[in-house]
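Asks: Heads up, the sequence shown is in full-length UniProt numbering, so the first residue is 1 and it goes up one at a time.
Please note: incorrect hints may appear among the correct ones.
[Said to hold, decoys possible] Calculated cross-link-like contacts (lysine-lysine; reagent style DSS-like; alpha-carbon spacing at most 27 Å): (1) 119 <-> 427; (2) 119 <-> 154; (3) 400 <-> 427.
Worth flagging that the hints you see were computed from the coordinates, not collected in a lab.
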Amino acid sequence: MIILNSIISNYRLEGNMKEFSNSIRTKNLQDMQTNQLDLLVIGGGITGSGITLDAQSRHIQTGLVEMRDFASGTSSRSTKLVHGGLRYLKQAAIKEVHEVGSERAIVYNNAPQITTPLKMMLPFYEGGTFGPFTTAIGLDVYDRLAEVKYSERKYMLKPRDTMEREPYLKSENLKGAGVYVEYRTDDARLTLEVLKKANDLGAKIANYVKVTGLLYNDDKRVCGVTYEDQINGEIGEIHAKKVVNACGPWVDEIRKMDDSNKGKHLHLTKGVHLVIDQEKFPISNSIYFDTPFHDNRMMFAIPREGKTYIGTTDTTWTEDPKEPNITATDVTYILAAANQMFDLPQYLTPDDVEAGWSGVRPLIQEEGKSPSEISRKDEIFQSDSDLLSIAGGKLTGYRKMAEKIVDRVAQQLSVETNYEFQPAQTKDLTLGGGDVGGEEHWMDFFDKAVHEGITNHNLTRDEAEKLVQRYGSNVDAIYQLLPETKTKARLPRIDWAMLTYGLEHEMVEHPIDYLLRRSSQMLFNMKHMRSIKTPVIEYMTKYYNWDDTTKQTMTDEVDTKLALTDLRDIKKKYAQYINK
């Protein structure tokens, strides 16, 4: 208990937490224009964020720019699992299973508030991809390769026990199930907490900064970028000894600027997930299952915050990766799989879908090879101008991806500067909000922090638990803001505290940053999100002193995203079809 008290007292708002706000953003841009960086990272998804933290922790002075908000692309649109790599076993990718499984445990220990262990059921049916023997053997191999601790290792269930554990599974032809552990995460917040830690260590970070070109020295080596500030329209230059292109689906766009987009290039595939209220999809277990279409696809159905989300699809995407649409075909495919896999209270239709998200995976394809030979591994490319690009990979492996490319950067800088940089420091480096004593003390911290929220801040247990789970050791900063909210704006006191904290310590620049990525309300609490949308915009209008044009632009951005997220057009077409 002494440990927990010291943890909470050491991380007061006015204490050890560095500001990460609009004013810091402005200062960072000024500093990056004035002083040459050791390393500039382009792209604020999980890969770029991991690189920035790894490099800065080795005392490589690093900057990062992101053209939109952090994690606004692929890194907020995953299945929201820190995977152990079970799917790699089908491809006999032994090394990948071992590496990704090991990384999962590291992520959990360094940020237990963002990663929640959950039992995943893998049911198997007559004629399906998996059977009792192959499932048991596969999960045993998986447990050992991924170095799963003994208490979390797999066990097998017979059909009757399977139905007792999850009565909403289809019972016909059921042969049993395997149960193993996966880790659910909040992908956008994982990215953010990596960046906040990098900020604490001195990295120069700015969102809404679009790279418009590359700079070269007299030796035709890349030495920086030109940019346009998407907030105020200002342009500038940032100089750096090394530049890493970690733009996810936009990696090839930066490579085109460098005239080095050749040999291998990105192949984008779209993945869609749907969110349904648990009253209509009331499973209590996370399920990993064969789709009933015999197309070699598998899906996840995962309970979260009173909802169940299900996905994903895997289709080639050749259009703008910013906002890949969700089509009627996508929705039909996912709902058909759910309706055939589960015996639910009623047949699911598009009207039952509260929200959805769609993102693209940047896979790597070599010129002249077929789509079937597309690689899902991460790869590093270095051009003739020394531009470093990294693409592919998985959310779970972000830390090792960062380590590999920063090793290369450090080696090159050592040769050029005659200075020896440290090896990777991130294996035991606590992320933002993770100062809770590691995995071992997380639940003790959780219980104590929840108790404090209930007894000292008049929160319900559910409210306190959600705040502690979201903010970890930084929850005390939220608690301190709560008493001030009684006379502020038209926002509920918790939203006021979360938004204020977001503005001061999470670089919230647009209302959509808070509504979607900082709070996840646009995905998992749509009704509440609609009720606070206008007050959030009004509060930020006053905070940033926006004019009417800017306020309308921000409102339009939220409304456009909302229409995509709640599948308004698809539901309308479905209603018209039913009425006919």
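Asks: Are the hints correct? Go through all of them and say.
Replies: Structure-based check of all given hints:
For the proposed pair residue 119 and residue 427, the alpha carbon gap of about 25 Å is at most 27 Å, so the pair holds. Restraint check for residue 119 and residue 154: the C-alpha separation of about 9 Å stays at or below 27 Å, so the hint holds. Restraint check for residue 400 and residue 427: the C-alpha separation of about 9 Å stays at or below 27 Å, so the hint holds.
Of the numbered hints stated above, none is contradicted by the structure.
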